[in-house]
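Peer 1: One letter stands for each residue in the lines below.
2 protein chains.
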Amino acid sequence: MRDWDPAPPATPSPRASPRRSSHSIDVVLFTPRGRQLAVLCVRAADPRAREHWQLPSDRTEGDESLESAARRVVRAASGLDPAWIEQVGAFADGLAHPAGAELSVAFVAVIPSSADERAAGEHAWFSVSEPPLLPARHRAMLEAGVGALRTRVDYAPIAFHLLPPQFTLSELQRMYELLLGRRLHKASFRRALAAARLVEATEEWRSEGRGRPAQFYRFAPRTRSGARRAARAVRFDLL
Amino acid sequence: MRDWDPAPPATPSPRASPRRSSHSIDVVLFTPRGRQLAVLCVRAADPRAREHWQLPSDRTEGDESLESAARRVVRAASGLDPAWIEQVGAFADGLAHPAGAELSVAFVAVIPSSADERAAGEHAWFSVSEPPLLPARHRAMLEAGVGALRTRVDYAPIAFHLLPPQFTLSELQRMYELLLGRRLHKASFRRALAAARLVEATEEWRSEGRGRPAQFYRFAPRTRSGARRAARAVRFDLL
DNA sequence: TCAATAGTGTCTGTTAGACATTATGGA
DNA sequence: TCCATAATGTCTAACAGACACTATTGA
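Read top to bottom, the protein sequences are chains A and B.
Anchor point for the first sequence: position 51 equals 52 in my numbering, and the numbering is continuous, going up by one each time.
Anchor point for the second sequence: position 108 equals 109 in my numbering, and the numbering is continuous, going up by one each time.
Errors might be hidden in some of the hints.
[Said to hold, decoys possible] Subject to a maximum C-alpha distance of 20 Å in a straight line, what follows is the list of computed DMTMM-like cross-link-like pairs (lysine to aspartate or glutamate): (1) A:K187 <-> A:E201; (2) B:K187 <-> B:D238; (3) A:K187 <-> A:D238; (4) B:K187 <-> B:E201; (5) B:K187 <-> A:D238; (6) A:K187 <-> B:D155.
[Claimed, not checked] Simulated restraints on C-beta separations: (7) A:R219 <-> B:D47: 26 to 36 Å; (8) A:S114 <-> B:R198: 37 to 47 Å; (9) A:A195 <-> B:G80: 34 to 44 Å.
These are computed hints drawn from the structure, not numbers from a lab.
The beta-carbon is built from N, C-alpha and C at its ideal position, and this holds for glycine as well.
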């Protein structure tokens, strides 16, 4: 990954009305693009650095919560509410931040892919495998954001919220593969999905395409009443 | 869990020399005590609230990193370097903080149990299952800290760093059980441990005790050259 | 008929937990 | 002798991945 540290961090522009905090809220915003994850970047304001990019960012205003601010950043940058959002952590440690914030709180969020990607002008989506030149602190956040997303996929219905209300099992599997960055075994995927009782079949079938039609499913998690989930065995996943 | 919100947050006392940040560094510090985890709390300064407690906390100084500051907080509160430490996240969101910090960065850390627990006076260890009256933000941190510790036990040698250089397998298992807060199956624990090649037997045996003597082991992880770790299957652990 | 995709059945190796058994010391 | 703890062997159920096979559409 290439890197870029802005020479003198710009002083935050003074604003008028509501009290603005001294820390920034930065969002690693992902969307599915093809078979890969794409991350949203905004062009650096500095005209000397037209090939330098940043993550969307702002400050909290008034007594707004951290997550509210992060949702606002997502809406401002993409026009959409996040399908899922979660805090990654606080970043400081001498890694330069473009807006000069002493400390930044990073969030990771996802939105479904949309035709209106606002990719014109100052916003652009980059493949996570080939990110653009970013400030040091944003590089760290991107890496942590991918990791946080992938560890959360098993515990939050992120893939389901990225799909339309009806989807085929192949579409669901492709979404999981895209989020996790690796291929999954078809039979195992469907076995585990059936055991988890998370989806139910609809009466509709996909009409298009040239293979066998696929049945549509919808996300309909069964609240497993009483059935205690078995505790997992210890793993020794050091090194 | 009981709660306590300090009525008017005390204004941070002005200090002289190094630049102090506007955010606090708070540490959820655990130690093994008996078969349970204990968390270190300090007595609230306010004399009206002698039964109110807080988590150890400070501000970063100069250009000190977040983790350096957290390690300093651990040393100041316990006299020991943490055996393991990791950031939990940023907390704000209107939950009152005792030192009036707008934003707090929480860390979770562990130290081995020691005779000198500094438990006299203003410091005390509390069982995690029966924590004292804490400010709202510290209650949230304690809950998140326990969760973060338990999810990290499988991926970092936390248990090993809490034990002396030589330990029996039963001691190791009891440490894992204490950290995870649940019982483990003995045969499965040893099978998985042997497969992970993390420990090696010494020639020494425990002399005390009234049962069969146990062999001592030491932490000696074999760097698994080449042996690619199998990717885990997807879990559908929602709800 | 062929290519492409959907969906399923069977087999096998691995693993986790239950259970039982042996081993070895102290009271 | 009895008890407590250590250590290990065997069995079974669950599971994950490999593989092959059937099913159904459009070109």
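Peer 1: Run every hint past the structure and note whether it holds.
Peer 2: Hint check:
1. A:K187 <-> A:E201: Distance of about 18 Å is within 20 Å: holds.
2. B:K187 <-> B:D238: Violated, at roughly 26 Å.
3. A:K187 <-> A:D238: Judged against 20 Å, a Cα distance of about 26 Å means the pair is violated.
4. B:K187 <-> B:E201: 18 Å, holds
5. B:K187 <-> A:D238: 18 Å, holds
6. A:K187 <-> B:D155: Distance of about 28 Å is beyond 20 Å: violated.
7. A:R219 <-> B:D47: 26 to 36 Å: 54 Å, violated
8. A:S114 <-> B:R198: 37 to 47 Å: At 44 Å between Cβs, range holds.
9. A:A195 <-> B:G80: 34 to 44 Å: 54 Å, violated
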